[in-house]
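K.L.:
Each chain is listed here by its residues.
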Amino acid sequence: MNTAYRNWLWRLLTVLILLSLAAGLWVATKKIDYTWRWNRVPQYFLYHQEEMKTIPFDGRVTKIDNLGDKTRVRVISDDGEEKTFEIDTETIRVNVNDELLEDDDLGATLSWRAGPLIVGLWTTLWLSAAASVLGMIIGLVTGLCRVSNNITLRQLSVIYIEIIRGTPLLVQLFIFYFFLGTVLDISRITAGISALAVFAGAYVAEIIRAGIQSIPKGQMEAARSLGLNVPQAMIHIILPQAFKRTLPPLAGQFISLIKDSSLVSVIAITDLTKSGREVITSTFATFEIWFIVALLYLLLTSVLSQVIAWVERRLAVSD
Amino acid sequence: MIKTIDLKKTFSGRGQTIHAVDGVTAHVKSGEVVVIIGPSGSGKSTYLRCLNGLETLTSGHIMVDGIDLADKKTDLNKVRKEVGMVFQQFNLFPHKTVLQNIVLAQQVVRKRSRVEAEEKGQQLLVKVGIPEKAEVYPGHLSGGQQQRVAIARALAMDPKIMLFDEPTSALDPEMVGEVLDVMKQLAREGMTMVVVTHEMGFAREVADRVLFMDQGKLVEEGTPEHFFTEPCEERTKAFLKQVL
Chain A
1 MNTAYRNWLW RLLTVLILLS LAAGLWVATK KIDYTWRWNR VPQYFLYHQE EMKTIPFDGR
61 VTKIDNLGDK TRVRVISDDG EEKTFEIDTE TIRVNVNDEL LEDDDLGATL SWRAGPLIVG
121 LWTTLWLSAA ASVLGMIIGL VTGLCRVSNN ITLRQLSVIY IEIIRGTPLL VQLFIFYFFL
181 GTVLDISRIT AGISALAVFA GAYVAEIIRA GIQSIPKGQM EAARSLGLNV PQAMIHIILP
241 QAFKRTLPPL AGQFISLIKD SSLVSVIAIT DLTKSGREVI TSTFATFEIW FIVALLYLLL
301 TSVLSQVIAW VERRLAVSD
Chain B
1001 MIKTIDLKKT FSGRGQTIHA VDGVTAHVKS GEVVVIIGPS GSGKSTYLRC LNGLETLTSG
1061 HIMVDGIDLA DKKTDLNKVR KEVGMVFQQF NLFPHKTVLQ NIVLAQQVVR KRSRVEAEEK
1121 GQQLLVKVGI PEKAEVYPGH LSGGQQQRVA IARALAMDPK IMLFDEPTSA LDPEMVGEVL
1181 DVMKQLAREG MTMVVVTHEM GFAREVADRV LFMDQGKLVE EGTPEHFFTE PCEERTKAFL
1241 KQVL
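Which chain is which? The protein sequence lines are A and B, in order.
Take the first sequence: its position 58, counted from the start at 1, is 58 in the working numbering, and no numbers get skipped.
Adding 1000 to a residue's 1-based position in the second sequence gives its number in the working numbering.
Calculated from the structure, these hints are not laboratory results.
There may be inaccurate statements among the hints.
Claimed, not checked - Restricting the straight-line Cα-Cα distance to at most 35 Å, the calculated cross-link-like pairs of lysine-lysine (DSBU-like) are:
id, chain 1, residue 1, chain 2, residue 2
1, B, Lys1003, A, Lys217
2, B, Lys1029, A, Lys217
3, A, Lys244, B, Lys1081
4, A, Lys53, B, Lys1029
5, B, Lys1120, B, Lys1160
None of these values were measured; they are calculated from a predicted model.
Throw the hints in and build the complete structure from the sequences for me.
P.N.:
Below, the structure is given as structure tokens:
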């Protein structure tokens, strides 16, 4: 009972510290006289788009059928041409027998649209996913070259890894966008994805190398003594075990990749970060939007780490 | 079956060269059980590993079933299909179940169907006495059971020769017996075997011939009776005095 009680006290302390931090932030923002406008945020996730329906000719409303949420409006032109429009009931602007001129409003249809933050989140998601898959392939190939017996392959992979790890990602992005983008005539999206993939690949390669080298030599010997050749032994014996061991560092690498993808906003790709900046220019809700953007990144990364934890548990059956 | 002619294997590193195997000439006939004994570092394991090409030869020749391993054109994988090996550390594949361990190479190398390979695997598990462990992962088995699975895995390839590299050295004493029993049964069935071991009892009981190696050289060879009762060489006598 004693330890359980003490554990609760510690948990209480954690909550207290978090609360006092939040209170501190609140007091600090009070001092600088910042007006929080959280109510402005939701519309940048989802908004109701109004599409106005107008009458295409001079004419008269002949009939209005209320179908609940929708209303059917029938109009007739001066020449006797008839037309029917479907309109959301709450937006209706006309009554039966109203005389209308061409392009007068009848009412609107409403539809939900994803706001810039959701669009940005989606861009970040698929950009990172594409870069992860490519980075994994590059890393796997480079990692295998790194442990190969061929000196050229080994040296080339070392040079690649050293160059990428020794230069900032931001600079690499600019080189990919301005230099390669111009020379090879590739789009900004392609440049962004390949820069991220090449960057992640170098780190993945080192992780894969470490994973392969951590498998006891006896595994390869046992596989070879059964008559498997090197590629077969790699595919069936070494890589599955190496993959299991390298899952935690690989997860870290891909989580980093999601976060690093925010840098592509500098080459004018409208990812989550750039969307956030754009929303701020129209709302001036700087604090709110950056907090929201941070939360959305946190959402992506924590979902990824949950998925990887699940895979890890699945692979742990042979332990 | 196996002919070794003036086999030499040297390791070099850090400025020194070690002659692990230094001019060994020995032959193994079909159906023969040859036991190699000798002190640690005598090169007996290295010699054994040369026999299926796990170590490259520095010089000399090894003919396995008429194929020269020293020849660069030899496809070692083809030779290895016919030569099974059992390791001191078992080297089972930890991410695969016992049955998958036995099935894998049959499917990949021998191109057998899954059903056929699994049937063979089950038969071999019965043979080594642990049919109930088929779906278990190696990590959950005792050392003796793991080594028996390793033997079954090697046998699944229908090898003509079986090499054993100190198969009982990493086992708890009470598990040595179960592994030796399987090996004895194999010997009785007429399998060609080369065994590196410290189990003098096994050598005396099962071996057709005993080779004694020291410092990379083949010092003495003979039948177990000759070897354990009236060895000629001084070094053999000294070694036997220590181990018996």
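K.L.:
Decide, hint by hint, whether the structure agrees.
P.N.:
Hints, one by one, checked against the model:
1. B:Lys1003 <-> A:Lys217: Distance ~28 Å between lysine 1003 of chain B and lysine 217 of chain A Cα, so the pair holds.
2. B:Lys1029 <-> A:Lys217: 31 Å, holds
3. A:Lys244 <-> B:Lys1081: Within the cut-off at roughly 29 Å; holds.
4. A:Lys53 <-> B:Lys1029: 97 Å, violated
5. B:Lys1120 <-> B:Lys1160: 16 Å, holds
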